[in-house]
Amino acid sequence: MQKTRTLRRDQSYENFFQKEVSTEKLPKNTYFVKKGFCLLTKKMPASESINKINIYLRKAAEEGHMFARFEEYIARLLFEVPMPAREFPTPVKLYLPRTETLSEQVLQFQQPQHDKLPYVNPETIKTLFKVLSVDNVLLLFKRVLLDTSNLFKSKEVRLLVNCCEAIKSLIFPLKYEVVYVPHLPEIMLDRVDAPFIFMLGIESKLYTKAVNHIKDGTYIVDLDNDHIF
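Counting from 0, one number per residue, gives the positions in the sequence shown under numbering that gives the first Met the number 0.
FYI, nobody ran anything at the bench for these hints, they're computed from the structure.
Possibly wrong hints are sitting among the right ones.
Said to hold, decoys possible - FRET-style restraints, in silico, Cβ to Cβ:
hint	residue 1	residue 2	range
1	Asp223	Lys115	31 to 37 Å
2	Asn50	Leu205	18 to 24 Å
3	Asn53	Ser203	19 to 25 Å
4	Pro96	Phe171	33 to 39 Å
5	Tyr179	Asp134	36 to 42 Å
6	Phe228	Glu86	16 to 22 Å
7	Asn224	Met187	22 to 28 Å
8	Met187	His226	22 to 28 Å
9	Ile73	Pro194	35 to 41 Å
10	Asn53	Ala193	27 to 33 Å
11	Asp114	Asp225	34 to 40 Å
12	Glu86	Tyr218	39 to 45 Å
13	Ile73	Tyr118	20 to 26 Å
14	Ser203	Ser132	17 to 23 Å
To be verified - Under the rule of at most 20 Å between Cα atoms (straight-line distance), these lysine to any residue pairs were calculated in the SDA-like manner:
hint	residue 1	residue 2
15	Lys125	Asn224
16	Lys208	Tyr218
17	Lys167	Tyr179
18	Lys214	His182
19	Lys174	Tyr118
20	Lys129	Phe140
21	Lys51	Pro181
22	Lys141	Tyr175
23	Lys129	Val156
24	Lys92	Lys125
25	Lys115	Leu173
26	Lys51	Thr126
27	Lys154	Glu202
28	Lys115	Pro172
29	Lys125	Glu47
30	Lys51	Arg75
31	Lys204	Glu155
32	Lys51	Leu106
33	Lys154	Glu122
For each residue, glycine too, the CB sits at the ideal point set by N, CA and C.
Starting from the given sequences, assemble the full structure and let the hints guide the process.
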């Protein structure tokens, strides 16, 4: 999202995804090319909301509720929805209308004031303590503070992202400013041998391919079995 203007009141976008770009809906399952998109932000943690928007647009395309190409909705999200300012921390609300398989949702984007703690998704913290024991969380916390390389592995991508985000949040007021890739794609598996400090996450099915390339001194965090070695 782009900071296009400062908000001084609650700003809502009720018809954002219902505004018709054309007069006719696109046919169901209409995709022009195989595609993917990546939205980056360093101003606020919005991965959960962005993921919901991604799922919503995918379902809308499959069910024939799209009035425009996928890219047009993403462009409007980037350039029409302003980023909340920390000086005026009023929320921006984005409404996702009901579809055949998804209920109506209201997404809220908000930044804390300068004298408040940064936003942390409580679900990521719950997930971390659900998959790792308190002793292992403390051990991981210590190793992150000591600038060691840590490789997370799990069968679920959701666990990789949530646990990496959680431990990164827990070291506040310190910032994790070394290499951070909570979900490393298969094409980049050789990065586990990189000569710098990192926090990486890989799927368990790829671990056997990567194990012989992991550099010495790297700690493995097995989220599926509550084990660190």
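Cross-check of the supplied hints:
1. Asp223 - Lys115: 31 to 37 Å: Roughly 35 Å apart at Cβ, these two residues keep to the hinted range, so it holds.
2. Asn50 - Leu205: 18 to 24 Å: Given about 21 Å between the Cβ atoms, the range holds.
3. Asn53 - Ser203: 19 to 25 Å: holds (24 Å)
4. Pro96 - Phe171: 33 to 39 Å: holds (36 Å)
5. Tyr179 - Asp134: 36 to 42 Å: Cβ of Tyr179 to Cβ of Asp134: about 24 Å, so the range 36 to 42 Å is violated.
6. Phe228 - Glu86: 16 to 22 Å: Distance hint for Phe228, Glu86 is violated at roughly 46 Å.
7. Asn224 - Met187: 22 to 28 Å: Cβ of Asn224 to Cβ of Met187: about 24 Å, so the range 22 to 28 Å holds.
8. Met187 - His226: 22 to 28 Å: holds (24 Å)
9. Ile73 - Pro194: 35 to 41 Å: Holds, at about 36 Å.
10. Asn53 - Ala193: 27 to 33 Å: holds (29 Å)
11. Asp114 - Asp225: 34 to 40 Å: Taking Cβ atoms as reference, Asp114 and Asp225 lie about 37 Å apart, which means the hint holds.
12. Glu86 - Tyr218: 39 to 45 Å: holds (40 Å)
13. Ile73 - Tyr118: 20 to 26 Å: holds (23 Å)
14. Ser203 - Ser132: 17 to 23 Å: holds (19 Å)
15. Lys125 - Asn224: This hinted pair holds, its Cα atoms lying about 17 Å apart.
16. Lys208 - Tyr218: holds (17 Å)
17. Lys167 - Tyr179: holds (9 Å)
18. Lys214 - His182: Satisfied, since the Cα-Cα distance of roughly 18 Å is no more than 20 Å.
19. Lys174 - Tyr118: holds (14 Å)
20. Lys129 - Phe140: holds (15 Å)
21. Lys51 - Pro181: holds (18 Å)
22. Lys141 - Tyr175: Holds, at about 13 Å.
23. Lys129 - Val156: holds (15 Å)
24. Lys92 - Lys125: Roughly 25 Å separates the two Cα atoms, so the pair is violated.
25. Lys115 - Leu173: Holds, at about 15 Å.
26. Lys51 - Thr126: Holds - the C-alpha atoms of Thr126 and Lys51 are around 18 Å apart, at most 20 Å.
27. Lys154 - Glu202: holds (5 Å)
28. Lys115 - Pro172: holds (12 Å)
29. Lys125 - Glu47: holds (15 Å)
30. Lys51 - Arg75: Roughly 16 Å between the alpha carbons, so the hint for Lys51 and Arg75 holds.
31. Lys204 - Glu155: Status holds; Cα separation ~10 Å.
32. Lys51 - Leu106: Given that 20 Å is the threshold and the Cα spacing comes to 9 Å, the pair holds.
33. Lys154 - Glu122: holds (19 Å)
Hint violations for this structure: numbers 5, 6 and 24, all remaining hints satisfied.
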